[in-house]
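Participant: All chains, full assembly: derive it from the sequences and hints.
Number of protein chains: 2
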Amino acid sequence: MKKVGVAILGLGVVGGGTYKILSEHREQYKKSHGVDIVVESVLERSKERALSLGIEENRICSNIAEICSNPEIDIVVEVIGGIEPAKTFVLAALNSGKSVVTSNKELYCKYSHQLEKTAKKNRVGLFYEATCVGGVPVIRAMLDNLQGNNFTSIMGIINGTTNYILSKMSQSGAAYKSVLEEAKKLGYAEADPTSDVEGYDAAYKLSILSSLAFHTKIPFTEIYREGIDGIDNLDIEYGKRLGYSLKLLAIGKNEKSGIEVRVHPTFIKSDHPLAGVNDSYNAVFLTGDSVEDVMLYGRGAGALPTGSAIVGDIIYCATHPNHSYSTFNNTEKADSATKFVKNFGSAYYLRLSVQDKTGVLSKVTALLGKHSISVSQFIQESVRDDGRAPLILITHLNKEQNVMRAVSDINSTGFAKVEAVIRTI
Amino acid sequence: MKKVGVAILGLGVVGGGTYKILSEHREQYKKSHGVDIVVESVLERSKERALSLGIEENRICSNIAEICSNPEIDIVVEVIGGIEPAKTFVLAALNSGKSVVTSNKELYCKYSHQLEKTAKKNRVGLFYEATCVGGVPVIRAMLDNLQGNNFTSIMGIINGTTNYILSKMSQSGAAYKSVLEEAKKLGYAEADPTSDVEGYDAAYKLSILSSLAFHTKIPFTEIYREGIDGIDNLDIEYGKRLGYSLKLLAIGKNEKSGIEVRVHPTFIKSDHPLAGVNDSYNAVFLTGDSVEDVMLYGRGAGALPTGSAIVGDIIYCATHPNHSYSTFNNTEKADSATKFVKNFGSAYYLRLSVQDKTGVLSKVTALLGKHSISVSQFIQESVRDDGRAPLILITHLNKEQNVMRAVSDINSTGFAKVEAVIRTI
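Chains as they are written, first to last, in the working numbering: chain W, 221 to 645; chain P, 221 to 645.
Don't take each hint at face value.
A pair holds if it fits inside one copy or across any two, identical chains being indistinguishable in the list.
Listed next, the in silico DSSO-like pairs over lysine-lysine satisfying Cα-Cα at most 27 Å (straight line) [stated by the list, open to error]:
#1 K222 with K340
#2 K330 with K251
#3 K250 with K553
#4 K340 with K223
#5 K250 with K341
#6 K489 with K460
#7 K341 with K223
#8 K240 with K476
#9 K476 with K559
#10 K222 with K341
#11 K619 with K559
#12 K240 with K223
#13 K341 with K553
#14 K251 with K222
#15 K337 with K251
#16 K476 with K251
#17 K222 with K250
#18 K240 with K307
#19 K619 with K590
#20 K559 with K251
#21 K340 with K251
#22 K251 with K341
#23 K240 with K404
No lab work stands behind these hints, which were simulated from the structure alone.
Facilitator: Structure follows, in structure tokens:
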């Protein structure tokens with residue numbers, strides 16, 4: 221039977237989950253796939269951590285050179301995260317003729333050009349299903365199933381931490397800060413949650429996914445990004461009353477006018493399949509010219525779900541010797557012919573506080589009208605203690621810059637102030 | 221550039237869709253995949269149909285031998301449906317060294333053993349993503365992404381016609397027969413709808429999908445099957461009041477006690493992701509030991525969605541020359557070690573008509589109690605014109621045979637009659 225040796229770099233949550241799946245299913249994979257997958261080594265500073273997982277002491281390495289020079293190792297799994305030392309280790313593994321399976325979204329997003337070229341030069345495989353949406357098979361679906369389509373749109377709830385926080389805020393009515401603290405305690409948010417709550421993590425993944433969907437390089441730097449750290453629960457509540465759920469949504473569109481890519485808090489109509497994706501579940505909603513709408517849904521993170529994606533890549537790598545290389549992820553910059561649309565279109569949710577005087581609503585709508593913005597829904601609330609009343613509007617479809625100019629005009633009047641602007645789908 | 225010749229057998233809805241996708245995207249696939257995919261021939265009795273699609277007259281064949289002997293053809297696409305002549309044509313193509321891509325669920329379900337063996341003997345590929353759930357990438361996901369998992373459960377809304385009919389019945393309140401007639405007019409149901417409404421189509425697909433999920437042959441003949449043709453809209457309405465949606469659900473479970481496979485109308489709790497899968501959308505909900513819950517959702521049928529799956533298989537076949545063969549779909553019968561559970565467990569919805577007398581409810585619950593069946597929810601309605609009152613119960617989890625014995629006991633009393641029994645999840 222074919223034997224395949226694996227080294228795991230980093231025994232954190234995902235590394236530990238990967239080790240557990242591989243060791244518990246070893247006999248099964250021999251039977252189902254005719255291949256004996258053996259974890260030959262792990263690279264892990266904490267010997268205790270490795271021993272506690274049941275890994276024999278002689279398999280614990282302390283430097284990448286040992287792994288690169290070990291002829292028993294065919295596949296190197298990188299689950300360290302971040303740029304360095306992960307990048308140096310991955311390049312060393314590829315250059316020593318090992319295939320690489322990675323879950324590192326930041327590394328693949330920023331350096332796919334260098335990693336893909338190095339893999340190709342060394343004729344080894346490079347697999348990255350686990351970079352996006354945990355165990356949900358979205359990357360291979362785009363590579364091997366839906367590849368006959370021209371995609372016009374990809375929308376995803378692709379960050380587990382922010383979806384957990386927004387779901388809890390919506391369910392409990394609690395404020396952002398207290399839910400974030402609770403999420404940290406439960407392990408759903410990191411001690412420094414910046415990458416998740418400010419939308420960086422979702423933007424890395426959107427760069428990877430939209431490049432695959434649109435068959436062209438979409439650099440991270442082209443993505444408009446806005447996080448959830450400014451979200452007031454008041455808006456989640458008003459949104460519910462208007463029939464919307466609030467999500468941190470990653471959006472990619474490929475239309476005649478060009479490509480638009482953006483990550484921001486978004487009100488999703490309650491009857492859209494993405495509106496029901498709650499807690500730490502994630503989902504990607506694709507629209508292709510042949511397949512129409514497809515949604516892939518599941519756990520977006522976690523030891524075993526992400527481990528499932530890594531093990532899927534390991535088995536694929538072990539059983540498909542001819543690796544095919546990306547034709548577009550080996551460039552650093554976008555193709556010069558690619559046009560990025562920055563002034564995108566959306567319907568907008570606006571929460572204003574207005575003076576409690578007759579005619580204010582008509583003045584506000586007149587100001588919006590000056591910018592050709594019309595209103596599809598609104599709620600006017602009774603006066604607050606400060607003598608002003610909340611006024612909530614949903615606009616018809618309009619352009620970003622137009623709406624921002626209208627907001628600026630309204631704010632300069634004195635009788636009304638825009639306190640929240642949230643895009644909708 | 222590598223050139224790949226394709227022949228399409230049958231230019232019905234799916235064959236036409238496949239031709240359209242291949243011809244409209246030919247230049248794109250050259251660029252994205254480095255392969256020139258050319259439709260060399262079509263096998264179609266109606267010359268008019270072929271010409272209307274823009275196919276040149278010299279590419280229209282009238283017999284399979286012409287296609288098998290044409291050295292320009294690498295891949296044969298079978299979209300005829302049914303057993304014969306499809307089976308003879310597919311075997312002839314495989315035996316003449318052509319790879320086959322098929323959307324024929326009945327053929328693959330009933331003859332996978334023969335087709336897989338023939339493909340292997342001739343070292344050609346056999347692809348069948350399009351047999352299940354249109355363009356939704358469920359088969360390759362199980363083969364190439366989630367293959368590291370032990371699946372404990374697969375549940376699917378995998379028949380477009382019945383989901384359309386049940387959704388319309390639920391939305392409009394109309395009776396089964398009138399919705400079926402409307403569905404026929406709109407092309408959502410065939411003139412003879414037996415295969416769809418009696419659950420055969422879903423059972424073919426469940427046989428294919430559960431064999432993949434559980435890594436062992438699940439013959440069609442082991443599947444318990446019940447269609448939607450006896451469904452009364454009354455039950456859809458009562459189900460709604462109790463928080464359920466009615467779907468024709470295909471269920472496969474792999475537990476310690478054995479494997480259970482069944483297709484029947486099922487009440488799904490409204491907060492389950494499958495409850496929101498409406499109209500002609502389909503979805504498969506998988507639970508694996510690593511990946512946990514995954515749902516794949518999209519159009520379950522139609523020219524372009526199913527064409528998308530076929531074209532995905534064609535591109536995969538053209539770019540992955542080393543085909544791997546199933547280790548379990550090449551047997552006709554189930555492995556002798558496989559145990560099938562027939563007395564499965566479920567919670568049940570029961571609609572009874574009872575005599576309008578004091579103490580009837582307690583008599584009914586006492587009879588259920590004799591069979592250790594307890595009730596979790598009930599609705600009692602006011603008396604009808606016939607002097608009897610509807611009584612609707614949802615039981616706690618119990619065993620099929622037990623509940624059927626209780627139903628028989630109740631029906632023999634005279635004071636109550638069970639008018640509907642529907643399983644729930």
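Participant: For K222 and K341, with the copy left unspecified, which applies at a CA distance of at most 27 Å: within, between, both, or neither?
Facilitator: both (25 Å within a copy, 21 Å between copies)
Participant: Evaluate K240 and K307 at a C-alpha cut-off of 27 Å and name the case that applies: within, between, both or neither.
Facilitator: within (25 Å within a copy, 44 Å between copies)
Participant: Could you place K341 and K553 in one of the four classes (within, between, both, neither) given a Cα distance threshold of 27 Å?
Facilitator: Close inside one copy (20 Å), not across copies (47 Å); limit 27 Å.
Participant: Please work out whether the CA atoms of K240 and K476 approach to 27 Å or closer within one copy, between two copies, in both situations, or in neither?
Facilitator: Between copies only: 21 Å across chains, 47 Å inside a chain, cut-off 27 Å.
Participant: What label fits K619 with K590 when the C-alpha limit is 27 Å: within, between, both, or neither?
Facilitator: Classified as within: same-chain Cα gap 14 Å, cross-chain 67 Å, threshold 27 Å.
Participant: At most 27 Å between alpha carbons: which applies to K340 and K223, within, between, both or neither?
Facilitator: Classified as both: same-chain Cα gap 23 Å, cross-chain 23 Å, threshold 27 Å.
Participant: For K489 vs K460, is the C-alpha pair at or below 27 Å within one copy, between two copies, both, or neither?
Facilitator: both (9 Å within a copy, 22 Å between copies)
Participant: Can you tell me if K337 and K251 fall within 27 Å by alpha carbon in one copy, between copies, both or neither?
Facilitator: between (35 Å within a copy, 18 Å between copies)
Participant: First find the shortest C-alpha distance between K341 and K223 inside one copy, then the shortest across copies, and answer within, between, both or neither for a cut-off of 27 Å.
Facilitator: For K341 and K223, both the intra-copy (24 Å) and inter-copy (25 Å) Cα distances are at most 27 Å.
Participant: 27 Å Cα cut-off: does K250 pair with K553 within a copy, between copies, both or neither?
Facilitator: Between copies, since 22 Å is at most 27 Å while 42 Å is not.
Participant: Which holds for K240 with K404 at a C-alpha limit of 27 Å: within a copy, between copies, both or neither?
Facilitator: within (25 Å within a copy, 52 Å between copies)
Participant: What label fits K476 with K559 when the C-alpha limit is 27 Å: within, between, both, or neither?
Facilitator: Within one copy, since 10 Å is at most 27 Å while 56 Å is not.
Checked against the numbered hints given earlier, the structure satisfies every one of them.
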